[in-house]
Amino acid sequence: MKRTAPMIILALGGFVLLVAYFIPYTQGWGEDAALWFDILAAIAFILGGGNLLKIHLKKMSDKVPGWGYSAVCVASFLAMLTVGLLKIGVHPNEQFPDYRWSGTYDQVGSPFWWLYEYGFKPLTATMFAMLAFYVASAAFRAFRAKNFEAILLLGTAFIILLGRTFAGVFLTGFIPEDSPMAGLKLENLTMYVMQVFNTAGNRAIMIGIALGVASTSLKVLLGVDRSYLGSGEE
Amino acid sequence: MYEFFKNLDRRWVFLLMLLAVAVPILLEAKFPEKATGLATAVFTEVENLEAGAPVLLAFDFDPASEGELGPMATAFVRHCCEKKLRMYFLTLWPVGPRMVEDAVARVIKADFPELKYGDDWVNLGYKSGYEGVIKVIVTDLKQLYTTDHFGTSIGNIPMMEHIQSVQDFDLVINVSAGYAGTKEWVQYASTPFPNIRIVAGCTGVQAPLLYPYIPSQLPGLLGAIKGAAEYEKLVLDKYGANHPVRDADGNPVLDEDGNPVIPGKYLEGIRRMGPQMVAHILMIMLIIVGNVIYFVERSREGR
Amino acid sequence: MNRETTVWTVVFLLGAVLLAIRGVMVGGLFGTAYVKVDEREFVKVATDDGETLWVDAHDEDALDYDLTQAPESDRRRWTTAEQATPIEYQQAVADDPNQTQYRFSLSRTLGIWIAAFFTLAIFSFLYKDNPFYKVAESVVVGVSAAYWMVVGFWNVLVPNLFGMIEPRLVNTWAMPGLDSTENHWIFIVPLVFGIMLLMRLSPKGSWIARWPLAFFIGVFCGIRLLGFLHADFLSQIRNSVVSLYVTDGGGMDILWDSLRNLILVIGVLACLVYFFFSFEHKGMVGRTARLGIWFLMITFGAGFGFTVMGRIALLAIRLEFLFDDWLWLIDPTSKRLADVAGMLMPSLSIIT
Numbered sequence: 001m002k003r004t005a006p007m008i009i010l011a012l013g014g015f016v017l018l019v020a021y022f023i024p025y026t027q028g029w030g031e032d033a034a035l036w037f038d039i040l041a042a043i044a045f046i047l048g049g050g051n052l053l054k055i056h057l058k059k060m061s062d063k064v065p066g067w068g069y070s071a072v073c074v075a076s077f078l079a080m081l082t083v084g085l086l087k088i089g090v091h092p093n094e095q096f097p098d099y100r101w102s103g104t105y106d107q108v109g110s111p112f113w114w115l116y117e118y119g120f121k122p123l124t125a126t127m128f129a130m131l132a133f134y135v136a137s138a139a140f141r142a143f144r145a146k147n148f149e150a151i152l153l154l155g156t157a158f159i160i161l162l163g164r165t166f167a168g169v170f171l172t173g174f175i176p177e178d179s180p181m182a183g184l185k186l187e188n189l190t191m192y193v194m195q196v197f198n199t200a201g202n203r204a205i206m207i208g209i210a211l212g213v214a215s216t217s218l219k220v221l222l223g224v225d226r227s228y229l230g231s232g233e234e
Numbered sequence: 235m236y237e238f239f240k241n242l243d244r245r246w247v248f249l250l251m252l253l254a255v256a257v258p259i260l261l262e263a264k265f266p267e268k269a270t271g272l273a274t275a276v277f278t279e280v281e282n283l284e285a286g287a288p289v290l291l292a293f294d295f296d297p298a299s300e301g302e303l304g305p306m307a308t309a310f311v312r313h314c315c316e317k318k319l320r321m322y323f324l325t326l327w328p329v330g331p332r333m334v335e336d337a338v339a340r341v342i343k344a345d346f347p348e349l350k351y352g353d354d355w356v357n358l359g360y361k362s363g364y365e366g367v368i369k370v371i372v373t374d375l376k377q378l379y380t381t382d383h384f385g386t387s388i389g390n391i392p393m394m395e396h397i398q399s400v401q402d403f404d405l406v407i408n409v410s411a412g413y414a415g416t417k418e419w420v421q422y423a424s425t426p427f428p429n430i431r432i433v434a435g436c437t438g439v440q441a442p443l444l445y446p447y448i449p450s451q452l453p454g455l456l457g458a459i460k461g462a463a464e465y466e467k468l469v470l471d472k473y474g475a476n477h478p479v480r481d482a483d484g485n486p487v488l489d490e491d492g493n494p495v496i497p498g499k500y501l502e503g504i505r506r507m508g509p510q511m512v513a514h515i516l517m518i519m520l521i522i523v524g525n526v527i528y529f530v531e532r533s534r535e536g537r
Numbered sequence: 538m539n540r541e542t543t544v545w546t547v548v549f550l551l552g553a554v555l556l557a558i559r560g561v562m563v564g565g566l567f568g569t570a571y572v573k574v575d576e577r578e579f580v581k582v583a584t585d586d587g588e589t590l591w592v593d594a595h596d597e598d599a600l601d602y603d604l605t606q607a608p609e610s611d612r613r614r615w616t617t618a619e620q621a622t623p624i625e626y627q628q629a630v631a632d633d634p635n636q637t638q639y640r641f642s643l644s645r646t647l648g649i650w651i652a653a654f655f656t657l658a659i660f661s662f663l664y665k666d667n668p669f670y671k672v673a674e675s676v677v678v679g680v681s682a683a684y685w686m687v688v689g690f691w692n693v694l695v696p697n698l699f700g701m702i703e704p705r706l707v708n709t710w711a712m713p714g715l716d717s718t719e720n721h722w723i724f725i726v727p728l729v730f731g732i733m734l735l736m737r738l739s740p741k742g743s744w745i746a747r748w749p750l751a752f753f754i755g756v757f758c759g760i761r762l763l764g765f766l767h768a769d770f771l772s773q774i775r776n777s778v779v780s781l782y783v784t785d786g787g788g789m790d791i792l793w794d795s796l797r798n799l800i801l802v803i804g805v806l807a808c809l810v811y812f813f814f815s816f817e818h819k820g821m822v823g824r825t826a827r828l829g830i831w832f833l834m835i836t837f838g839a840g841f842g843f844t845v846m847g848r849i850a851l852l853a854i855r856l857e858f859l860f861d862d863w864l865w866l867i868d869p870t871s872k873r874l875a876d877v878a879g880m881l882m883p884s885l886s887i888i889t
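Residue numbers (my numbering), protein chains in the order written: chain A, 1 to 234; chain B, 235 to 537; chain C, 538 to 889.
For the record, the hints were derived by calculation from the structure and aren't laboratory data.
Keep in mind it's a predicted model, so treat the numbers as computed, not measured.
Hints may be right or wrong, so weigh each one.
Calculated cross-link-like contacts (lysine-lysine; reagent style DSSO-like; alpha-carbon spacing at most 27 Å) [what the hints assert, rightly or not]: (1) LYS240(B) - LYS665(C); (2) LYS741(C) - LYS59(A); (3) LYS872(C) - LYS499(B); (4) LYS499(B) - LYS573(C); (5) LYS343(B) - LYS499(B); (6) LYS573(C) - LYS350(B).
So here's chain A without its partners, still in its complex pose (with noise of 0.2 Å):
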């Protein structure tokens, strides 16, 4: 019971999907399903957040090296998420002034706002600019021309780097854009690429994907693939 009735609502949610997809009749069910869904992946939402809030409060609990990091994440969880339940400091909406939480959560100038825009804005932008350190950082230790494939797969950044930038149109600026190496221009060597070479090997591994993408679903579908059961220890 424990590990056939997931899968036979696992099958049947997913063949509604199928069906709903082809017969126009069914096509409500689909929705449907769609629907409950979202409102799932919404849930998921909060299953995350008690979650991070389980992991942290047990490092606390038990002294780990660190704890006191896991202190700040949890004052941190707790402070954004009571803003932002509550709606403390927020206005009601204009059209309803007497309804004290008919305000978004997010109304500018809110606790909440004032969390997100100081404070989850910067964080989170910055941790993905240091992206481009790491990417200068390879590029000098480990790019290395060893054989023909790897020169083609640097001459062709070459090529793409130079011609998204004025440096490129500046390099090739002397061939007149009428003349028939034209397309020698970097930028337009570029594009070449991209719609030519780039645009090929991409459709082959989306092609792949896709097959692949079909085979796994339909295993899972079918119940020959049952890995989200867990171990089966339960």
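Assemble chains B and C onto chain A, guided by the hints.
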């Protein structure tokens, strides 16, 4: 020299990258931009719409990718406002509503205050489920979006009256940072329903992966900050002087050549191409130096 | 004092000195934020039809009603604060030194400085892992998780779950704009599934979460299977069927377009042959697979070039924040008067 580069601490490379980006920003280096075919295709798709045409703007990105996609979002909203299109905003990303609000504050509220919420633009907000959302709204949008982002019932918003699904929009403009984004819109909207036309702006990481969809499933694509800069140039060439910087008396501020100064918010993409170029040249030099070291090392080992 | 502590102390002292010098150059505090304050008042009035509605006391429509008779219980007041640029604040003060509409915002100024500190804390990891980075990392983890929970609750659960099961209840406390009064009891199913999903947090009852997870995975597989087959398999095959002899256009265009289509078709086929691992890559198959590898290398090179492009733009916007909003070294969006910005560098523009 060889030993120095061979054992170079990577933190010096980090410092070089920091300088390569910081110095052009401080010098406010700008270079000329020329639009390529794909950016022109995106521009033409929007430009060919009639005033009052409904357009869905799906802003599927977050602050982490705002550097690349923020300028695109601003340019798209401005173009739609100049064309007097009816704008419907939504997002598949949880942080997307703030991206929508930022673009609205930067463009509509600042330069187009005559546009009325509910008649000219509406913010439908965020719904969870990624492609599950697209799957529902391509056939029945109001089943999922019962209210807008501010809690107003959909039935009470005048511009929602004739919109039943995504198929009722003349164009879908998607600004996407990853999953869920342009790929999902193509897979679940424009492919099964060819009457849905989508143009997109995406990050540099995504752009090469979306080329196979061009042009049948995706008529136009802006890739990375270069695509944003090209699109900004096209919008500026057509509508540039409409909303110049104004002084305290409301008169346009003029530059040395007597031309109205364009607000910096409409030049973000073009502005960021300066540090982009210097950093690219640095990357090429780093790869060349790294390979020189490699070949010298190999020849020494060969001896 | 060990070496690491010495380095951090020196860095902080140097930073403080540089900030002080910057303050002297600007002639005061920099990285400040200003707001335009608006006092809002809404009054409940009775219309001629006997209905009640709320009017904005500062709106033109309010002139149609006598607001003076409304009791305090029928009035709601609050203050909104809109972002204003330093230039707007300075112009307002210049026009009327006693004005109070444009004000310095302590909370937003503190916010800018905290955001700058967080940015530098994250960047400090490039030198070495350190407690400032770890604190910043912990904050972002906590704040992100809570943000997603709040967004999911207010954007989805309230209107699309509770608002469908019992719309009248949701209407009275959270969403007065919700029109629907019909109960959709079927939505109790996703509510029950959701509660079962949360049982994953329980040590003993986590097996119950398999049911909603199975539904989730099933629907996900159903959606993806068809989406990928249609858009990424069938449509891509159709897009690859292109004319190898293009007759549109004239002159050299026919040659170049035909060559482009030929290379495209050969490329797709060669790459697909490479992915056929069931056949040994020998002879003709091997040579074709090798050609496929070359196409893939060009593809990956293009991908690398675009990835670099993407990453650098993200760094550029962070540095723009530090130089513009915090240190006031540049002013690309003309937010401040030139003499206050204290711009150090001449602008370098090669726009022709």
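Consistency of the hints with the structure:
1. This hinted pair checks out: LYS240(B) and LYS665(C) have alpha carbons roughly 21 Å apart, not beyond 27 Å.
2. Between LYS741(C) and LYS59(A) the alpha-carbon distance is near 20 Å, which keeps this suggested pair within the 27 Å criterion.
3. Distance hint between LYS872(C) and LYS499(B) is fulfilled; the C-alpha atoms sit about 11 Å from each other, no more than 27 Å.
4. For the suggested pair LYS499(B) and LYS573(C), the alpha carbons sit about 20 Å apart, so the restraint of at most 27 Å is met.
5. With a C-alpha separation of about 14 Å, the suggested pair LYS343(B) and LYS499(B) falls inside the 27 Å cut-off, and the hint holds.
6. For a cut-off of 27 Å, the pair hint linking LYS573(C) to LYS350(B) stands: about 21 Å separates their Cα positions.
Consistency note: the structure conflicts with none of the earlier hints.
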